[in-house]
Each structure stands twice: as C-alpha cells, then as structure tokens.
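**Student:** Just so we're aligned: the sequence shown equals residues -27 to -1, 1 to 795 in mature numbering (1 follows the signal peptide of the UniProt record, and there is no 0).
It is possible that some hints are incorrect.
What the hints assert, rightly or not - With beta-carbon atoms standing in for the labels, derived distance ranges:
1) Pro517 with Leu707: 42 to 48 Å
2) Asp42 with Ser65: 19 to 25 Å
3) Gly122 with Ser177: 47 to 53 Å
4) Pro667 with Ala710: 28 to 34 Å
5) Lys627 with Ala123: 37 to 43 Å
6) Thr519 with Leu239: 50 to 56 Å
Said to hold, decoys possible - Dumping the calculated DSS-like pairs for lysine-lysine here, alpha-carbon to alpha-carbon at most 27 Å:
7) Lys551 with Lys526
8) Lys496 with Lys515
9) Lys686 with Lys789
10) Lys627 with Lys386
11) Lys642 with Lys386
12) Lys789 with Lys627
13) Lys401 with Lys386
14) Lys686 with Lys735
15) Lys735 with Lys386
16) Lys386 with Lys359
In short, the hints are calculated from the structure, not lab data.
Note that CB positions come from ideal geometry on N, CA and C, so glycine has one too.
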Amino acid sequence: MSGRRGPDFRGSLVLLAALFAAPTASSRGEDAAVDLVGTPASVEISPASPVLAGRRANARLIVTATYPDGNVRDLTRALEWSSADPNVAVVSPTGLATPKADGTVVLTARKGSVEVSTTVKVEGMANPAPVSFRRDVVPALSQASCNMGACHGTPTGKGGLKLSLRGYLPDQDFLTLSRESGGRRINTLNADASVILRKPLGESPHEGGIRLKRDSKAFEYIRDWIAEGAHDDPAAVEAVKLEILPGARVLNAPAKTQQLVVMLTLADGTRKDVSSICYYDSSSPDVAEVDSTGYVTFKNRGEVAIIAHFLSLVANVRLTHLVDVPGFTAVDVPQDNPVDRAVYTKLNRMRIAPSEACSDAEFIRRAYLDVIGALPRPEEVDAFLKDSPADRRAKVIDALLERPEFYDFWALKFADVLRSNGRLIEPKGAYVFHRWIRSALESGMPMDQFVRNLLASDGSTFSNPATNYYRISRDPETSTETTAQLFLGVRIQCAKCHNHPFERWTQDDYYGFAAFFSQVGRKPGALPGEEVVYATGGGEVKQPRTGKVMPPKALGGPKLEDAAVDRRARLASWLTSKENPFFGKSLVNRVWYHLMGRGIVEPVDDFRDSNPASNDELLDGLTRDFVAGGYNLKSLIRTVLQSRTYQLSATTNKLNVDDAVYFSHATTKLLPAEVLLDAICDVTGSPNAFAGLPAAAHAIQLPDGKMDDPFLKTFGRPARELACECERESDSNLSQALQLIGGATVNNKLRSDAGRIAGLAKSGKPPEAITEDLYMIAFSRTPTPAEMEAAVKHLKGAKDLRPAVEDLAWVLINSKEFLFRH
C-alpha cells in the first residue's frame, strides 16, 4: 500500500464542515445601581468603643447596616462623620479616627434618618511614641511597594538601592537606608530633605513614580523615624497575629463595597489597628479590587479572598458579591451525595443554574476516558444502553474501578508527578518504580500508606522501588520542595532564599522542613545502575541567613524532634495523619482535578491564602469522607463519579455560560496524549508499537517518561522532570493540528491493510453501516440524520470506497467531539 494515496484531505475538510458546526458562545454583562443607604432595620459601628493609645494610634471604623430582608451593607462612606469634641479626636469622611488629646469622645455617622454613634477613648497622648524601624518603617516600605520584587526588593536592587524582599531582612535594610551611600539617603537634621522621602513623593526624579503621600501613615512613620534619629530597634516586640474585620460577608446588590479593618496582636498582648499600614491583594482583581486603605470595590459578581500583609503575617477574608439574575430559580439541593450537596448549595448561592444531565452516550464515553483512559467498545455501549436505566450508570462505574486499565491509567498519573524517568533513575529504576506504583494501586493500598512508604523508604532502588523517590530528589532542598508540592499542595520554593513575599511561609519554615531530609544517604548498590538509600543518623540543615541549625519542623505544624526515630519516619507519620490539614485536601483536590478538568483549588498543587478554594464546603466534605474512609482512592473516585455534578452536560445555558469555577457544567478538555493515541489506535484498529513492550501494549502503560514518541511529545506528554501537573501540556497548538492533519502516526494507521478502515472498506457493508460503526467506536453514539446523510453521500459518491472510508475516519479523528473529553 506504500504507493497508494492517503486520505483526500480537501474532500475530508469539506466533509468535516458538513458534519461539525462550531458552537457559538454568548456573553452577559451585569450592571446594578447602588443605593448604599436605603432603610436599614439596624445600624452598628465596629470595632465597638475603640481605644486610641498614644498619638500614633488610629482606628478605622466600619458602619454596617442590616436590612429587613437580612442583607447587610457597608455604609461607612455613605454617611457623614462628625466628632462631638474635635479636641479629643477627629474622624475623616472615610471613618478613620485620629487622637488629639486624652479623653473620651463620641463619634457619629449620620445621613437622613440613619444615625449611629460610638464612644472612643484616647489615652497616653503624653507618653513617648518613638517610631519602630522594624514594626513601623518596614511595613511602610512594603505598603508603598518600595521593597517589592519589581522594585528595590529585586535581588539586584534598582537605582543603586537594594532592599530585602518585603522587608524580610530588617537588619540589612536598616544598614542600607541609614549607612550606605555615606548616609546620604536620609537627613536626620532635615527629614523632609531625605532622598528616601523626596523620590517616592515625586519631588525628585524617581523611576518608580509616586509611591508616598504626605497624608499617609507610611509617610508619617518614615519621616518621623528619620527625624527621631533613624534608630534601629532589634528588640521590638514581635508581631504574632493578624486578623481582618468584619470577617466573611455576602454583599447583595446594590451593595458592592466593603471597608476592612486589620488588627495586629503583639507578643505582649497589645492589639492595634494597622489597616493604614498593611498592603493588600485581591485573589481575583477582575472580580474585586482593594485599595491601600482596605476598601474593597466589586466590579463583577463573584467571590474573592482579600489578603492583608503585615511583615511576615498574612490574614485573609472571603467576600462575595451577588446580583439579581433574571430567570434564575434555585434548584433542589440533592442530599444523597456530598459532592452535590456542596456544589448545588454553592450554585444556588451564586445564582448560577446547573446544566442538564449529560446523555447516556456522553456519560459512558466520559467515564471510560476519565477512569481507565480508553474509549468504550461498541458492544460495551450497546450492553450499557440495554441495561436498566435506574442503575446502569452506577454499574458501569463499579465495573470500571475493577478493570486492569484503571490501575494502568492511574499509575500513569502518579508516575508523572513522582517523575518516573529513566534518565533520572535508570531505565530499570523507572520500570520497577512504575510497577510498584501500579501494584500498590491494584492491592488497594490506602493513599496515606502509599505516601508513608515513599517518604520513609530505605534500601535498594531495584528491590525496594519506593526508594527511587530519594534517587530523584537528591538533596534536602529538592526533597523539601517536591514533598511540599506533591503531598501538601504547597509551593514553598520562594522561601528558600527569602520569606515568601505574599504568603506566611518563612525561610525558617523552609529549612525546618528541609531538616527532615538532611540525614538521607545514598551509595552504589551491587548491581549496575543500582543505588541504596539509607538513614545516615547524622547531618543537619542550617538556615543560610542566620547560620542557625534548624530542628525538623512540619510545615504549619509542630517541631518533631526525637533522636530515637528516623526523621523521615516522623515526617511520614505526621504528614499523613488526620492532624495535618493539608494532606487529605491536597490528594482530594488532585483526584478531583483529574476527573473534573479543574481543581477545587486551581492550580491543583497551589494551596495558599491568596488562592482560596472555589468551594470550601466541597473540599472539606470530600476530605472528611476520604479520611474517614481510610484514604481509599476508589471510594473517592466513586463518590465523585456517582454525583449529579460529574454527570452534568458540557453544554452551557444562559445562566452558567460564564461559570468557569463552580462546576455548573462539565469541562471540555483535550484528551491526554497517551489516551488520544490509544483512542486513535482503537478507531483505526491499528495498535502502536513501543520499543521494549509487548505488541499489544497501550500508551497509558508506558512506564518510563524517557521514552520518546513524536506524537506523544507533540500532544504534551510530560518529560517527568517536574513534580507538577503543569508539566503535562493541555492546550491545543498548531503542531498538534499538523500531526492530526498530515502526520505519519494518523495516516499510517488509517492506511494500514490490517486495520479497521481496510476491513470496513472490503466488508461489503452498506455506507450506512460503515458510518454507524465508525461513529460508535469514535463517539459512543450513532450519527444524527444530518451526519448520516453527509457521510453516506460522501461514501456513495467515491470511485474507490477505501479512500472515502479513510476520509470519514480522518474527519471523525480530527473532530472536537473526538479530540476532547466532554
């Protein structure tokens, strides 16, 4: 057949256009008038009765109105503020109270019939109030973004000034500001002439633009610190806790703004308002923005986490903005599945209508692809459709979870992120590591035991394959970052060189966790390429900045010091315990991602305060069941698959077309490289040949990430060099289109004399039967009348049937319905 032409691509493209029409998408904008006053049932000011201690204190006040319908609104900036005695304290139009003299004063906010008051006590105005460099100036520099990564906080600095990132090295910053450049950056005799003030104020040329305003707390702290002599205070009372008021809140239209208050607790128990000196972030700026005073403004309906930062402390609060959605009606919340309870409750809350249930054909194809990475055979589809509608989906789910392909497919997923790669661990190491992963799944090993076996492993990388975990991660730092990302969902890499600029993790956290891996030894084994992993019994990790030997400490957990027990065994026990808040959630989120196409936390391995879950109740509920059920992978998968949420259609409606995070409809996603190649082999009836594997081997059974295949590489098969799901590319690109249109893999399989296409062409079947056969194997359904008409017309009009059948198969393989899971 080498001399015969392949599919007629021009004819195929015409056929493609006739069979498949591209769907159109619609978008919907929302606007709502805002009336922040209205007629509330009650109004209150918080924090209640604040105390202003010292002349540098202030208090940001929030006015909250509760309306007869139960809705709450922030009226802080809608009312007019006044002080009964401005000689004691004054209050700004935005509700910021500032002390003037010792005493007690009533502050009032009123407009029309709405009026509310609070009593403010001022004390200690005559007491010394020196500015603290470490507790006042450093946060001021952070709020002004002077020490951010794109400015002077970059490793090389900017304009000759280099500060530590977000102030994590205050001793170094003090020397830089007060001693470097001959001390010319500050002028203690004339503070206002100091370069570090004039430039961010815009009074001298400054590449970074205006960063300070004279009426800000940041300016006050920096200027007064200079005027007071620019002293350091290494013994300053430590800041230990940060919290945001008023807490989680739902704002129903027309309300769409919210003032926040940030309270700091010091080690001596002192509490102070630091709202004016924090810096803030929004987890979704497209939904809501937050300014430097902690004032949040929603731009669109949705949820955000607003994060406040003060030194190394982080606090966050969840805010939700809802609007009336014409045509929305709340749906009944199913109570028989934890997934549906959480998802449907959230959809009702967000006023998003779920899609209809998927068809049986969509379900069986989706379930097969998601659970075993293969297309259902036509006879399996036929048997499914003939079974009782009441329980046939549940029966399919149970059957798929016991199929050998289930272990192949999920071993592939774990091998990807565990980096089973012959280049890293020798080809034999990759084979035995993959076999160990698959055997663990097949034996029903609980996932906590699976992870414990990895983390506490010792011995030969050949005879105890779990030890390959430490052959890949060859130093404490790599082990730290890999373990945190894989099993805690924490990307802690930033904290290796400095405190994390946006999260709570510090260098001490990083190197305390690294101490668990400091006593891992490796030596050559008796066989070529073999290595032996063992506990050395000695070796410590030092914090590079302080030189301090770090005791082993769990991330977000306790110190685990016990010389009688191997450190990795201690870590494995804590990490997989119920007391660890990260482990169960991380695994649940990863499994959800593989089944649903998007994590509850997204990216799937990036749990952080500034990246909240889209549905806390869903993640928490699934995790509780997962832990209570003994970390059983199959049970978790079964729970998700049996839910109405999983079985929703990918077709959107006008009320959920914009939803990309709340799982109101199924996600359409490109098939993984291995699954797609196996599917093409199934449609064409032409298996692929892989070097070193049996002739009938499927791509999902490949044990080694080192194996190179042009088709798999083009479609995003990861090299398994990163412990991240992100290494597997899922976006379509031009190279993939070229592979499908004219690549050797597809065309050779279509033209194979031993394949399905040649068999159909000489089977004597009528065009209608040929078309139905191809549709059933490719899409798990029969063609529509329009599709049948177009296909039969093409087949009957061909002079040579076989090229026409190749054309039809080529069109189906190149269709979105085939290439995507939906």
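**Student:** Where does the structure disagree with the numbered hints, that is, which hint numbers, in rising order?
**Tutor:** 2, 3, 6, 10, 14, 15, 16
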